[in-house]
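K.L.:
Modelling step: build the complete structure from the supplied sequences, incorporating the hints.
In the order they appear, the protein sequences are chains A and B.
Just add 230 to the spot in the first sequence (first one is 1) and you have the numbering used here.
Just add 36 to the spot in the second sequence (first one is 1) and you have the numbering used here.
These aren't lab readings, by the way, just hints derived from the structure by calculation.
In this text, a Cβ means the ideal position worked out from N, Cα and C, and glycines have one as well.
Among these hints, one or two may not hold up.
To be verified - Covered stretches of chain A (in silico footprint by chain B; criterion: 3 or more residues with CB under 8 angstroms from a CB of chain B, positions within the stretch not fixed):
| hint | region |
| --- | --- |
| 1 | 297-306 |
| 2 | 327-341 |
Stated by the list, open to error - Under 10 angstroms between C-beta atoms, here's a sample of chain A residues computed to sit facing chain B:
| hint | residue |
| --- | --- |
| 3 | Lys-244 |
| 4 | Ser-263 |
| 5 | Gln-267 |
| 6 | Cys-321 |
Read off the chains here:
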Amino acid sequence: NAGVTQTPKFQVLKTGQSMTLQCAQDMNHEYMSWYRQDPGMGLRLIHYSVGAGITDQGEVPNGYNVSRSTTEDFPLRLLSAAPSQTSVYFCATRGGGGYNSPLHFGNGTRLTVT
Amino acid sequence: GESVGLHLPTLSVQEGDNSIINCAYSNSASDYFIWYKQESGKGPQFIIDIRSNMDKRQGQRVTVLLNKTVKHLSLQIAATQPGDSAVYFCAERGQAGTALIFGKGTTLSVSS
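P.N.:
Below, the structure written as structure tokens:
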């Protein structure tokens, strides 16, 4: 199993450009989520999904869109990138153990917006 | 509000020593806690978790202790190795159905 796969690993955007960060998982996990990680701050939840067709906002959703058309994929879209969105983005899934079970993270996408 | 913090941003130990990484949390209703290890350029990796109905849980070379009276969580690593060098995060879940709240991390450096 590959686990959680994120692409690309690195990306540089200009302000105002759009892009999609990809997240794919092969563990058949219903729960998927996106976090951002900034220096000096803990991981912050952007959006999450409890299953195909269902998405919800996390702590810092502004500027990001998500959709969940399949169990395997959970893309994160930046419609108009801003320098404040420079960060490392992590996709995470959670298995069938319920809320009190660990998240499984991908290796991240490092995004720079100039 | 909820917050999770770590007492020290960095910890340096010698190879073979035991390491203790501490975490304080503020929400007395939190019922689930978890420790992650993050190596440079990688995503957080699950180490060990503990539910609020337990005080201690052991894994391979790691032990998590939960003191609900003072809202304190610690991760003990036995016989620390250079491969243990990483950033360690604690996280809590305030109540069922809510998202994990992550602390800022402690950087563990192991010298041989």
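K.L.:
Indicate, hint by hint, whether the structure satisfies it.
P.N.:
Outcome of the hint check:
1. 297-306: violated (count 0)
2. 327-341: holds (count 10)
3. Lys-244: violated, 24 angstroms
4. Ser-263: A/Ser-263 check passes; min Cβ-Cβ to chain B is 8 angstroms, inside 10 angstroms.
5. Gln-267: Hint on A/Gln-267: holds, closest Cβ of chain B at ~9 angstroms, below 10 angstroms.
6. Cys-321: Holds. Min distance 8 angstroms.
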